[in-house]
Amino acid sequence: MGYLWKILPCVLEHDQKIAPYTMTMAPRKRNRHALGFLCCFGGSDLPEINLKDNNPLQFLEFSVPIPPAEELNARFAELVDELDLTDKNREAMFALPPEKKWQIYCSKKKEQEDPNKLATSWPDYYIDRINSMAAMQTLYAFDEEETEVKNKIVEDLKTALRTQPMRFVTRFIELDGLSCLLNFLKSMDYETSESRIHTSVIGCIKALMNNSQGRAHVLAHPESINIISQSLRTENIKTKIAVLEILGAVCLVPDGHKKVLQAMLHYQVYAAERTRFQSLLNELDRSMGRYRDEVNLKTAIMSFINAVLNAGAGEDNLEFRLHLRYEFLMLGIQPVIDKLRGHENATLDRHLDFFEMVRNEDDLELAKRFDLIHIDTKSASQMFELIKKRLKHTDAYPYLLSILQHCLQMPYKRNGGNFQQWQLLDRILQQIVLQDERGDDPDIAPLENFNVKNIIKMLVNENEVKQWRDQAEKFRKDHAELMSRLEKKERECETKTQEKDEMMKTLNKMKDKLQKESLELRQTRDQMNDLVAQINEFSQGGSISFPPPPPPPPGGPLALSSSHMSENLPPLPPPLPFSSCPPPPAPPPPPGGPPPPPGAPPFFSMGVPPPSTSTFSTAGPTLKKKSIPQPSHPLKSFNWAKLSEERIHGTIWNEIDDLKAFKVLDLEDFEKMFSAYQRHQKEMGSTEDLYLSTRKVKELSVIDGRRAQNCVILLSKLKLSNEEIRQAILKMDEQEDLAKDMLEQLLKFVPEKSDTDLLEEHKHEIERMARADRFLFEMSRIDHYQQRLQALFFKKKFPERLAEAKPKVEAILLASKELIRSKRLRQLLEVVLAFGNYMNKGQRGSAYGFKVSSLNKIADTKSSIDRNITLLHYLIMIFEKNYPDILDIQSELQHLPEAAKVNLVELEKEVNNIKTGLKAVETELDYQKRRMRESGDRFVPVMSDFITVASFSFSELEDLLNEARDKYAKALKHFGETEGKMQPDEFFGIFDTFLQSFAEAKQDLENMRKKKEEEERRARMEAMLKEQREKERRQKKAKAGSISEESGEFDDLVSALRSGEVFDKDLSKLKRNRKRSGNQGLETSRERVVTKLNY
1 MGYLWKILPC
11 VLEHDQKIAP
21 YTMTMAPRKR
31 NRHALGFLCC
41 FGGSDLPEIN
51 LKDNNPLQFL
61 EFSVPIPPAE
71 ELNARFAELV
81 DELDLTDKNR
91 EAMFALPPEK
101 KWQIYCSKKK
111 EQEDPNKLAT
121 SWPDYYIDRI
131 NSMAAMQTLY
141 AFDEEETEVK
151 NKIVEDLKTA
161 LRTQPMRFVT
171 RFIELDGLSC
181 LLNFLKSMDY
191 ETSESRIHTS
201 VIGCIKALMN
211 NSQGRAHVLA
221 HPESINIISQ
231 SLRTENIKTK
241 IAVLEILGAV
251 CLVPDGHKKV
261 LQAMLHYQVY
271 AAERTRFQSL
281 LNELDRSMGR
291 YRDEVNLKTA
301 IMSFINAVLN
311 AGAGEDNLEF
321 RLHLRYEFLM
331 LGIQPVIDKL
341 RGHENATLDR
351 HLDFFEMVRN
361 EDDLELAKRF
371 DLIHIDTKSA
381 SQMFELIKKR
391 LKHTDAYPYL
401 LSILQHCLQM
411 PYKRNGGNFQ
421 QWQLLDRILQ
431 QIVLQDERGD
441 DPDIAPLENF
451 NVKNIIKMLV
461 NENEVKQWRD
471 QAEKFRKDHA
481 ELMSRLEKKE
491 RECETKTQEK
501 DEMMKTLNKM
511 KDKLQKESLE
521 LRQTRDQMND
531 LVAQINEFSQ
541 GGSISFPPPP
551 PPPPGGPLAL
561 SSSHMSENLP
571 PLPPPLPFSS
581 CPPPPAPPPP
591 PGGPPPPPGA
601 PPFFSMGVPP
611 PSTSTFSTAG
621 PTLKKKSIPQ
631 PSHPLKSFNW
641 AKLSEERIHG
651 TIWNEIDDLK
661 AFKVLDLEDF
671 EKMFSAYQRH
681 QKEMGSTEDL
691 YLSTRKVKEL
701 SVIDGRRAQN
711 CVILLSKLKL
721 SNEEIRQAIL
731 KMDEQEDLAK
741 DMLEQLLKFV
751 PEKSDTDLLE
761 EHKHEIERMA
771 RADRFLFEMS
781 RIDHYQQRLQ
791 ALFFKKKFPE
801 RLAEAKPKVE
811 AILLASKELI
821 RSKRLRQLLE
831 VVLAFGNYMN
841 KGQRGSAYGF
851 KVSSLNKIAD
861 TKSSIDRNIT
871 LLHYLIMIFE
881 KNYPDILDIQ
891 SELQHLPEAA
901 KVNLVELEKE
911 VNNIKTGLKA
921 VETELDYQKR
931 RMRESGDRFV
941 PVMSDFITVA
951 SFSFSELEDL
961 LNEARDKYAK
971 ALKHFGETEG
981 KMQPDEFFGI
991 FDTFLQSFAE
1001 AKQDLENMRK
1011 KKEEEERRAR
1021 MEAMLKEQRE
1031 KERRQKKAKA
1041 GSISEESGEF
1051 DDLVSALRSG
1061 EVFDKDLSKL
1071 KRNRKRSGNQ
1081 GLETSRERVV
1091 TKLNY
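So that you can map any letter, position 528 of the sequence shown is 528 in the UniProt record's numbering, and since no number is skipped, the others follow by simple counting.
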């Protein structure tokens, strides 16, 4: 080991013989993939120094007496510190007897004081000499004597790198000694490359890598491993072995494996190889002169191949091992291995066994993926059948066929030309197999800018979109009906639950109200009894005192009618004797769907016109009855506005006689052009087409074409038949078949009177009617169809409209209360008023108050010292110091943001619209109660329940709105604002904007403080770092070369790799696995043949 070289010079001096020291390696724990070699770097198991007993020590006689023990130990400690030993080896050195310590110390001091060695004690000497050698070898060739001198210099440098203190290696690195050695390797001529100088230079690099600092420097150099690999070109066997040992050991070093693969790719170009590793396989197969040299070289090559295959990515990546091993198999390594068995060398056989055992295990693992025992990778047909079987019934199979089809179209020449296209395809597949999820390649990427992950991600997204689209379409078709029924039931359940909750809530409130009114009724009766008693007393001659009148009975503008109450609530107590009775209801209109009672309010302000009312006027003179020709079949309608007969007299129409025109018109041609029947015929159809077209039923359509088309689109979305729609409207959609948006669309297709008249004329041809015409005709048969539809839509929309309006009303109410009650706001205004009066003079000063809009102008006043600081920032700093409670002002004004969004005019308009809609529903309910109901008509019971709950809910909303108006007016007055000139959104918006600015200013101040603290902290850290760097510099200067690490660890690694020790436990484990698998069956045991599987 390296540290032995540091003590050998002193123990060999004066031809004294000492017992040789031997090194033993402590046992190491290794796992399957770690290969057990990483313990050489930082592991806890260190080499031990053992003293052989068969050679007794012979002590020197000292000319200088041994100093006292304390002084001896102090001097010896200085020497050991320079040797840069590990703790365990330091203990071994200190355990030596005093005589031995003094002998080593004297010998080392004598060596250091030798004037002949002073020049060689520093790396400057060696670097200058090697640079001179590199320059001179380009001018003339060295003779044998000069070569020996030059080799002695390089050998001395190698020894110095191994034996000198750590400061020597550090100085060598600082002077860029590595570049000096690499430049020599690059510039040497053929004679030098075949000489011992070449071997010694490689030895220097190896010695440098025997130190962790030097090794890190070599690995960090961008070209070092590439240049070292170029030395494989030499015919010098020792040099080749040294290079292979370095490259093999670098494979085992973290982050070194990929550098070696890169170096072999570099060597392929440098040596003009056809493929990577070609020269190595040639050397492995070639026979040389001396048996020992040949075996050593072949052992080094096999150890390098095993390291390349099983280190780095090969530790746990089966695909990588198969990929790289196939590269060696393609170069013919299997026959070479069979040939190497003839050398019968134990170390070489160990490497060969490990190669074949790992190969067998990998082949078995690959075969297991296909549920096989063995895969013949030489057979293209077998591999194709396996791939075909694996992909046969998958989505990938069409792409396999596409790949094969395009392979058939690849350029082909009998002489083997155009193989580059196949090479490109091979490299693409290699990169797909090897590239990991991060886009990194364990081997050198054969293709630049080819990120498999990104490309697959793009394809996956494309395929997933297509797959999702197809799957969604399939699910939509398969489950549309089920989902429709489920949604229908969910809507029905949700509506019923909501209605039940609302009714229970209303019932409880009405019970409370009933109890309150019953109490008031009893009090009123007691007062009446007292009044009667007083009247009787007065009639007997006494005096009477009248009590105050009772409060008016409760009830809003929408007091519930007795009929509604009687259907939904328990009976009320008997009415007072002076209760007024409601007026009798108006007589029911005649049957046949007449318009609503006159004076009814417009329905719900939803843009749907109310049913038209008949116009009554005085009758004019009788007009002559017209005899108009009748068409042979129905015609399209002409949508005109017809004048009533009463208005014809005295107009131009009284002078016109259209009967004269009928004599001139071609009515037959007119009928063809404007027939109500829809003809679907081809202009140039065949005889068969014409025959089939005559058999088609002609559709009758009298409705406007665009309107009919839109109606058909709506019906297709509803997915209900006309009868189902009719039943849903009659039953007031208790089963939730009609969604709100569909009802809103249906209101746009209410049959008008003109449509009804036209459809009634053709009711005998109902089977021929177009879909839209038939729908309108059947809906027109429902009494008060439009009013029913509007009432149903209002019922469904009512909870949503109430839920939208109520939070807005509550926001105004709560925000008004918060502003009036806020103590923090009062303090804030007090401070602002004080600052304002302090800042303003003259007419603007001495103020008793200010408009709230002035709050948002505080941030406009900026500091004269720092333009980033405003009056608002300053106020917050004052609050932090003197009024910290004000900083939490937002907690007292939580409803301001919502109130600032409310437009009171729009809110009142919406509430009035709801009120109007409720009245219209009540009017329709009264009408439906008076008429005879057909079977299945559920309008009265459903809407009665709805009116009961909705009226009470709306009365609550109305009361809340009145309270909000009052509170808002008080808030305006509270802050000195004129009532009626400022809407809530403007008033509350002022405070909301101010609070936002307040919060932003607080954050600004916080950021300023953090920035200042960060700058102060950074300044302190810089001062501390500066002081620490200065301290470290002083320590480094006082104790150079204090880095402690184990010397010789790279040599250990090379030695273990050469002997195959790093593979021992893995080889034993593979053999145990093979033995276990052999016991499982005869066929598996036959697979233990490791020599000739595929090649």
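I should point out that these hints are in silico values taken from the structure, not numbers from a laboratory.
Incorrect hints may appear among the rest.
Okay, derived cross-link-like pairs now, DSSO-like style, lysine-lysine, Cα gap no bigger than 27 Å in a straight line [stated by the list, open to error]: (1) 806 x 500; (2) 823 x 488; (3) 496 x 509; (4) 823 x 1010; (5) 806 x 717; (6) 857 x 909; (7) 731 x 823.
Computed beta-carbon distance windows for the label pairs [as the list claims (entries may be wrong)]: (8) 394 x 372: 26 to 34 Å; (9) 131 x 78: 55 to 63 Å; (10) 757 x 723: 37 to 45 Å.
This one's a predicted model, so the numbers in the text were calculated from it and none came from an experiment.
No residue lacks a Cβ here, since even glycine has one placed at the ideal position from N, Cα and C.
**Asked** Do the alpha carbons of residue 823 and residue 1010 lie within 27 Å of each other, as the hint requires?
**Response** violated (31 Å)
**Prompt:** Given the hint that residue 496 pairs with residue 509, does the C-alpha gap stay at or below 27 Å?
**Reply:** holds (20 Å)
**Prompt:** Between residue 394 and residue 372, does the C-beta distance stay in 26 to 34 Å?
**Reply:** violated (19 Å)
**Range hint 55 to 63 Å (beta carbons of residue 131 and residue 78) holds or violated** = Given a distance of about 34 Å, which is not inside 55 to 63 Å, the answer is violated.
**Asked** If you draw a straight line from the CA of residue 806 to the CA of residue 717, is it 27 Å or shorter?
**Response** Outside the cut-off at roughly 33 Å; violated.
**Message:** For a C-alpha distance cap of 27 Å, please report whether residue 731 and residue 823 respect it.
**Reply:** violated (57 Å)
**Request:** Measure nothing beyond the straight line between the CA atoms of residue 823 and residue 488; if it is 27 Å or shorter, mark the hint as holding.
**Result:** Given pair residue 823, residue 488 is violated - Cα atoms ~53 Å apart, limit 27 Å.
**Asked** Do the alpha carbons of residue 857 and residue 909 lie within 27 Å of each other, as the hint requires?
**Response** Given pair residue 857, residue 909 is violated - Cα atoms ~34 Å apart, limit 27 Å.
**Asked** Is residue 806 close enough to residue 500, meaning Cα to Cα at most 27 Å?
**Response** holds (20 Å)
**Message:** Can you tell me whether the CB distance of residue 757 to residue 723 sits inside 37 to 45 Å?
**Reply:** For residue 723 against residue 757, whose Cβ atoms are near 23 Å apart, the range 37 to 45 Å is violated.
The structure does not agree with the numbered hints 2, 4, 5, 6, 7, 8, 9, 10 stated previously, though it agrees with the rest.
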